[in-house]
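Protein chains: 2
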Amino acid sequence: MGAQVLAFGDGSSEGDPKRRDLLGGKGAGLAEMARLGLPVPPGFTITTEVCTRFQGEGALPEDVKADVRAAVAKLEQSLGRTFGGENPLLVSVRSGARASMPGMMDTILNLGLTRAGVTALAGTTGNARFAWDSYRRFLAMQGSVALGVDKHHFDDALEGVRLKAARTKGLDVTRFNSEELRRAMPDSELTAEVLEEAAVAFEGVIAKHTGHPFPQDPWEQLWAAISAVFRSWNNPRAITYRRMHEIPDSWGTACNVQAMVFGNLGATSGTGVAFTRNPSTGENALYGEWLPNAQGEDVVAGIRTPLPISKTEKSKGTSLEESSPAVFAEFVSVARRLEGHFRDLQDIEFTIQEGRLFMLQCRSGKRTAKAAVRIAVELVREGILTKHEALQRVEAKSLDQLLHPTLDPDAPKELVARGLPASPGAASGQVVFDADEAERKAMAGLPVLLVRTETSPEDIHGMKAARGILTARGGMTSHAAVVARGMGKPCVAGTSAIHVDERAGQLTISVASESGQNKIVTVKRGEVLTIDGGAGAVYLGGVPTVPAVASEEFLELMVWADEARKLKVRANADTPVDARVARSFGAEGIGLCRTEHMFFDDERIAAVREMILAEEKPARERALAKLLPQPRGDFIGIFREMNGLPVTIRLLDPPLHEFLPDKDSQLEALAATMKVPLARLKSRVRELHEFNPMLGHRGCRLAITYPEIYAMQVRAILEAAVHVQREGVSVQPEIMIPLAIAKAELDRMKVIVDEVAKSVFDAESVVVPYLFGTMIELPRAALRAHELAETAEFFSFGTNDLTQATLGLSRDDAGRFLPAYVEQGILEKDPFVSIDVDGVGELVREGQARGRKTRPLLKVGVCGEHGGDPSSVRFFHQAGLDYVSCSPFRVAIARLAAAQAALEGPVASTA
Amino acid sequence: MGAQVLAFGDGSSEGDPKRRDLLGGKGAGLAEMARLGLPVPPGFTITTEVCTRFQGEGALPEDVKADVRAAVAKLEQSLGRTFGGENPLLVSVRSGARASMPGMMDTILNLGLTRAGVTALAGTTGNARFAWDSYRRFLAMQGSVALGVDKHHFDDALEGVRLKAARTKGLDVTRFNSEELRRAMPDSELTAEVLEEAAVAFEGVIAKHTGHPFPQDPWEQLWAAISAVFRSWNNPRAITYRRMHEIPDSWGTACNVQAMVFGNLGATSGTGVAFTRNPSTGENALYGEWLPNAQGEDVVAGIRTPLPISKTEKSKGTSLEESSPAVFAEFVSVARRLEGHFRDLQDIEFTIQEGRLFMLQCRSGKRTAKAAVRIAVELVREGILTKHEALQRVEAKSLDQLLHPTLDPDAPKELVARGLPASPGAASGQVVFDADEAERKAMAGLPVLLVRTETSPEDIHGMKAARGILTARGGMTSHAAVVARGMGKPCVAGTSAIHVDERAGQLTISVASESGQNKIVTVKRGEVLTIDGGAGAVYLGGVPTVPAVASEEFLELMVWADEARKLKVRANADTPVDARVARSFGAEGIGLCRTEHMFFDDERIAAVREMILAEEKPARERALAKLLPQPRGDFIGIFREMNGLPVTIRLLDPPLHEFLPDKDSQLEALAATMKVPLARLKSRVRELHEFNPMLGHRGCRLAITYPEIYAMQVRAILEAAVHVQREGVSVQPEIMIPLAIAKAELDRMKVIVDEVAKSVFDAESVVVPYLFGTMIELPRAALRAHELAETAEFFSFGTNDLTQATLGLSRDDAGRFLPAYVEQGILEKDPFVSIDVDGVGELVREGQARGRKTRPLLKVGVCGEHGGDPSSVRFFHQAGLDYVSCSPFRVAIARLAAAQAALEGPVASTA
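Protein sequence lines correspond, in order, to chains F and B. Numbered according to the numbering used here, the first sequence spans residues 46 to 956. Numbered according to the numbering used here, the second sequence spans residues 46 to 956.
Take these hints with a grain of salt, some might be off.
Same chains, same label: a pair holds when it works inside one copy or across any pair of copies.
[Claimed, not checked] Listed next, the in silico BS3-like pairs over lysine-lysine satisfying Cα-Cα at most 27 Å (straight line):
no., residue 1, residue 2
1, K795, K874
2, K486, K727
3, K874, K486
4, K486, K662
5, K874, K788
6, K708, K727
7, K361, K708
Since the hints were derived computationally from the structure, they do not count as laboratory data.
Input sequences plus hints: build the corresponding full structure.
Following this line, the structure appears as structure tokens:
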């Protein structure tokens with residue numbers, strides 16, 4: 046056998062478990078478990094390299110087929126069964142990429158089964174029901190996945206058979222819908238005869254839709270299944286998932302072919318999924334679900350609501366722990382061993398065949414951010430991980446979830462249903478039943494809640510668009526729950542009181558009332574529900590929220606992060622309230638305090654407009670004088686909150702026309718209020734109109750024309766600084782000039798600042814040290830940074846504007862084409878979300894290097910959206926910046942991302 | 046004496062004439078002439094370094110004063126006169142910067158004169174009139190220049206004295222305005238008594254306005270005059286002139302103090318200005334003017350219309366040649382010697398004192414472009430210059446003048462006046478009488494003609510703004526004539542038939558009519574006149590023009606330029622007509638053929654709009670198919686014109702909304718024409734609206750969304766290429782993609798281009814080689830040039846857009862603040878006129894270097910306004926580009942500038 050097909054089982058594996066790139070995650074887990082001597086059904090992994098060959102050659106290469114034939118022969122020998130023979134060897138065929146892609150790839154079970162095999166299987170197992178059940182499952186999976194027959198044809202055929210069986214049983218089926226029929230006549234009550242009938246119907250479906258009878262040659266089945274696995278790497282769901290999770294298209298998937306074990310061999314059989322710790326809360330307790338007499342797909346797909354593995358108050362003997370204590374004990378021991386071996390939370394799939402435990406998969410388990418933090422910190426406490434390892438176990442971006450507000454406990458709310466707490470966080474939104482609609486409405490800016498009986502991979506784009514997900518069926522490991530946790534979206538799953546009627550565009554909730562009689566609440570599409578994904582609760586209407594409270598583990602992890610990181614983290618905050626929130630999240634200063642909002646305020650805008658309409662400097666100065674007191678008050682509040690920390694204040698940036706209305710009716714009203722002739726007002730608006738305001742008369746260009754505006758702002762800042770310094774506050778104002786392109790601009794601005802400072806300090810007989818600096822937000826500023834640094838004492842890269850100018854992309858206008866650029870891979874990522882390292886990044890690196898060539902101790906930071914994006918933070922760390930500044934809610938993300946960047950050590954430039 | 050004050054005269058000079066940086070132009074000329082043994086009145090030069098000290102210290106340093114005292118003492122000794130003594134030494138005090146700044150700096154004559162001195166002078170010369178005339182001139186100059194008294198106070202006082210004298214003479218003065226009074230009672234008729242009266246009145250004016258009697262201490266006079274010279278370096282006129290001519294503020298001016306010689310000592314005295322060749326045509330003939338019995342300022346200021354130096358048909362004995370043949374012969378010999386010595390056209394000032402010739406100044410003479418070309422070429426023919434020297438003698442920018450259209454000889458035109466042909470070229474414009482108004486109207490886009498009795502340095506901004514200048518007084522060397530030639534503006538000077546009445550807002554022209562009776566034509570402010578500066582003619586109304594015809598010397602110089610240069614020069618041309626013009630100017634290809642005009646055409650825009658409104662690709666393709674034939678026809682025409690030369694065609698660049706109207710009324714009309722619901726049209730317009738169209742959905746971003754647009758354009762180009770190739774035309778199409786930022790964009794575009802090419806060539810069974818390239822017009826494109834060059838076969842830097850993005854400056858919006866940036870020196874030059882070498886230039890250098898690292902033979906050019914700007918061309922040469930492309934009319938400029946850049950040799954980077 047060549048290196049393309051690698052066997053595992055019986056205590057050994059040909060593949061190296063460390064080669065996840067070759068074996069995929071599932072294959073590596075199976076190889077590792079086999080080497081550990083755990084009960085793994087034998088099988089083999091076809092490597093990811095074959096996937097790449099398959100994509101190139103468009104078919105399974107003949108040499109690979111030969112290797113597979115040899116591997117199957119070895120399996121036959123080891124198990125004493127024959128592929129397609131009397132004592133048939135059945136296999137599962139599953140995908141398994143390097144990165145976990147749950148629900149993304151297709152799986153086929155019971156492959157190798159034929160009409161003849163069913164008869165043989167019924168004979169060897171003495172269980173005809175099992176044999177037909179296995180065959181009809183295989184037909185549906187192979188038919189839909191490998192042969193391209195639409196899945197609903199099999200559902201329809203099964204419903205027909207079920208209906209007949211129900212009538213035979215004497216049920217009055219006339220008033221049942223599909224769901225009610227399934228409840229009345231569940232799969233478990235379908236007899237061998239009924240299942241045989243279903244299998245025959247499925248064969249008919251396949252023959253009708255493919256034009257060929259279902260192949261009775263197991264090799265033909267196998268080649269089709271393996272090809273389907275490799276083909277599925279490029280199905281739209283997989284591509285969407287990869288894009289969402291930044292998985293390269295080039296990796297490919299491996300294909301695992303493994304001897305079947307059967308969880309559907311009766312009451313002593315079953316199948317389950319478990320986590321070694323609670324993936325939602327992180328609690329250190331085995332956490333899982335199982336279904337007796339079922340195959341694995343039943344659990345994951347959420348068709349039946351599964352039972353707990355461990356005994357609980359409510360389990361009433363249904364748990365694995367109660368029903369099969371010996372198997373449970375063995376499973377607990379295996380789970381402990383796996384967690385210890387991999388030093389991380391494990392997500393384990395298992396099957397029990399007639400009382401015997403088999404391990405089908407183990408992998409690092411997906412978890413909520415809350416769980417990730419708790420598990421990482423507890424693993425350190427347990428001595429399993431180092432602090433540095435723990436820091437790298439938590440995805441920085443995921444901390445966003447912890448900062449999601451939760452429901453206001455004191456707000457009135459009407460609980461209408463309870464489901465499983467599948468993914469934490471609270472969300473309110475308009476109910477939609479369709480993923481496309483969710484996406485449409487979300488793009489229009491509406492908050493939506495996606496409500497589905499159960500979700501499927503086809504729903505991913507809608508889940509991404511929704512604020513939260515609510516399902517009627519499925520457990521904690523259902524598709525909805527797993528994907529929602531991955532996305533950090535609130536999710537309540539398995540809410541059985543809910544009935545979704547998509548066609549009618551509504552859902553009904555059966556709510557227990559005081560009278561004991563259930564009442565039915567109807568919620569139409571577009572009406573609002575609220576879910577609490579941490580509590581599994583569903584409320585009618587919208588419910589107000591409160592900010593998140595940080596856990597003890599979170600705080601501890603943040604302390605470690607702060608010890609590890611080199612980058613300082615500041616926040617962007619414009620008001621005293623923002624400043625307080627920022628400080629509570631650990632911000633080490635304010636990196637960007639915008640001042641324009643101080644002009645937009647309802648009370649102040651009149652004076653601003655008076656200033657704009659003034660034709661001479663003295664009139665402008667009079668108007669500005671009116672504007673002075675309120676900003677000063679704002680700065681006093683901000684300085685108090687940031688006692689002991691630096692506060693960078695950017696002077697006025699937007700063009701003046703932003704302060705004037707543009708509609709005729711508004712102008713008329715304004716002219717009347719201001720007692721200014723309408724014609725003059727209109728002429729001033731016309732005068733100020735700009736074709737490209739982003740590249741217009743804004744930033745310090747305003748102050749070249751109207752120095753008095755900046756003079757007023759500097760006065761407000763420094764008078765506030767003097768005021769709080771008298772109170773004993775340690776104040777560190779940093780005055781920042783926007784949109785500079787030349788040293789001469791800064792020289793002129795510095796004269797304004799220094800003159801005002803002298804005047805304020807002389808008048809108050811006190812001095813407050815302050816810094817004078819500039820934003821670097823245009824390419825020329827980065828290129829001439831060595832000159833700007835002669836005057837500027839600090840730089841702050843305004844990477845939003847720098848991105849706009851460097852790429853020639855207006856953020857306001859790019860919506861029509863930028864998404865296509867990212868989807869088509871023309872740009873790797875949205876450059877406004879994650880910094881364009883190759884283009885903008887070079888200017889950042891050059892800017893800081895040139896600036897520091899002139900002024901070695903130049904303070905250099907970043908403000909803007911990128912400051913809260915982990916991969917951008919990593920870049921800023923590598924580029925040698927002093928700090929990032931981001932929105933208060935992303936400070937924790939930035940702190941962790943900065944620590945992770947520092948622990949990675951120096952990384953070669955990507956240029 | 047230290048090195049700060051350097052004496053000259055008597056056949057030697059202390060200063061090195063080569064040190065123009067120290068001595069200034071005038072000082073260096075005097076030093077050189079003294080060393081040549083020419084008759085130069087002795088004196089000394091205070092160096093430019095003292096000017097720098099003066100600006101720093103704010104006053105004349107004491108050590109400099111000591112040096113000056115010593116130099117004056119030496120003068121006293123040499124001339125046997127005493128400064129402020131009985132036989133008074135009088136001096137002139139003049140500025141003299143390194144670069145010639147005519148009329149910019151202030152001059153004082155007759156300094157050292159006092160009441161006592163006047164009496165003494167009258168005695169020694171026996172000429173009281175001369176003594177008082179000298180004193181009153183000195184008082185007016187010293188008063189206005191050194192003591193800050195407004196000049197018009199002296200004019201008013203003189204007018205009062207003149208009025209009285211006229212009355213005394215028995216003239217009826219009641220109906221005279223000032224001008225008429227001056228004609229009736231010219232300076233030459235003012236007697237000693239009248240001039241004494243004027244001097245007394247001037248002393249009164251000075252006492253009144255300074256609060257002190259006029260100083261009778263010559264040293265006090267001298268310190269004030271020298272300080273005034275140094276101070277005048279920073280007067281607004283000087284600053285404006287330096288900005289216009291790119292003279293660094295740091296150079297400073299020297300100050301020349303020289304013993305007076307007197308042209309106003311009677312009939313055998315006089316003063317004049319001459320050029321060794323004709324500065325307007327370049328003709329090799331001594332060319333100059335003189336005034337008998339006058340001081341130099343009278344000639345330059347244009348107060349009296351001067352007489353020719355050489356005998357002409359009309360000179361009727363008034364020429365110097367006729368009236369003083371010996372002096373004339375001496376002067377001719379001196380002029381020849383100076384031209385031979387300096388190997389260039391000399392501009393010479395001289396004074397004749399009682400039959401004795403004195404040289405006061407010599408310098409390289411300002412000349413028209415036409416003269417510069419002819420003189421340079423003839424000096425080569427005369428064996429005086431090499432071809433390479435000749436190329437460097439013509440300012441490239443000035444060639445613009447040669448390309449100015451002249452009046453259509455066949456057009457009907459009404460000649461109303463004749464003046465001096467002071468500066469060539471034809472111009473029509475609205476008459477304005479005021480420099481400020483000229484500037485205002487020109488900024489509003491109106492063509493204006495500045496009409497003045499005579500111009501003064503205060504008018505420079507108006508002259509700059511005007512299309513042409515017309516004056517009633519002054520000769521070929523008057524302020525108006527000199528400045529207009531420097532600016533390359535048409536000028537007719539000394540048009541004596543014109544009378545300007547500024548207050549009435551009109552001019553009157555006395556036109557000879559058939560009846561012999563002159564008729565008066567009145568032209569009001571805002572009405573149109575046309576001047577022909579080459580002919581000295583003034584026409585009523587507008588007159589059509591025809592393109593310039595190149596002279597034989599021009600064509601020869603261009604041949605030398607083409608031999609010397611390395612850069613190729615192409616033109617920007619969008620139509621076959623443009624292409625023909627470009628080729629006639631020597632363009633070596635088309636560097637930018639824009640295609641949007643092919644969409645804006647009245648006939649085609651309907652199909653363009655249909656395309657924009659189409660909702661599906663097939664409908665768009667149907668509309669585009671209608672657009673195909675006409676562009677194809679355009680390309681056929683262009684390819685034929687450019688037979689054998691490359692043609693770079695840029696695919697569609699502007700955003701689609703530019704093709705739709707935006708006013709409601711226009712939209713209603715369009716909806717009716719197109720039979721489209723108005724609501725749909727409006728909604729599409731809203732959809733397409735952009736906040737910053739410059740950074741929006743344009744360039745190749747359009748083709749990422751709508752590839753069919755580029756496909757149509759490429760089809761039109763290549764079908765045209767196939768067509769003309771069949772005709773035997775050698776066609777070299779270069780298809781250029783605008784606004785790329787990533788290689789992936791180019792890859793997608795190349796697929797479109799290559800697919801269309803294959804389809805066209807297959808259908809026609811013929812192949813036309815073509816190149817695929819990209820514009821580099823965004824910073825990211827320059828930074829990722831090494832990647833873009835993997836796909837692009839050529840680059841063309843779009844420096845207009847690159848400047849906009851790099852500096853964050855919208856060309857459309859910068860008008861409100863960019864002029865202030867240039868005026869205040871924040872940016873050295875308007876970056877849209879002359880490339881910002883420090884910022885944009887670095888991206889150009891890097892872009893070409895990175896591109897060629899990937900593809901060593903990458904063709905790299907520039908298209909855009911900078912391609913026709915000489916200092917930008919120099920930069921592009923240094924940056925190693927292959928070609929520049931500019932507007933057809935600037936091709937000659939670019940050819941010469943490229944030659945000059947090549948002759949300069951490699952220049953160190955300015956970064």
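Hints, verified against the model:
1. K795 <-> K874: Cα proximity of K795 and K874: across copies only (23 Å, versus 38 Å in one copy).
2. K486 <-> K727: between (37 Å within a copy, 22 Å between copies)
3. K874 <-> K486: Intra 23 Å, inter 50 Å, cutoff 27 Å: intra-copy only.
4. K486 <-> K662: Between copies only: 25 Å across, 48 Å inside.
5. K874 <-> K788: between (33 Å within a copy, 15 Å between copies)
6. K708 <-> K727: both (10 Å within a copy, 17 Å between copies)
7. K361 <-> K708: Classified as neither: same-chain Cα gap 69 Å, cross-chain 74 Å, threshold 27 Å.
In the structure shown, a violation is registered for the earlier hint numbered 7 alone.
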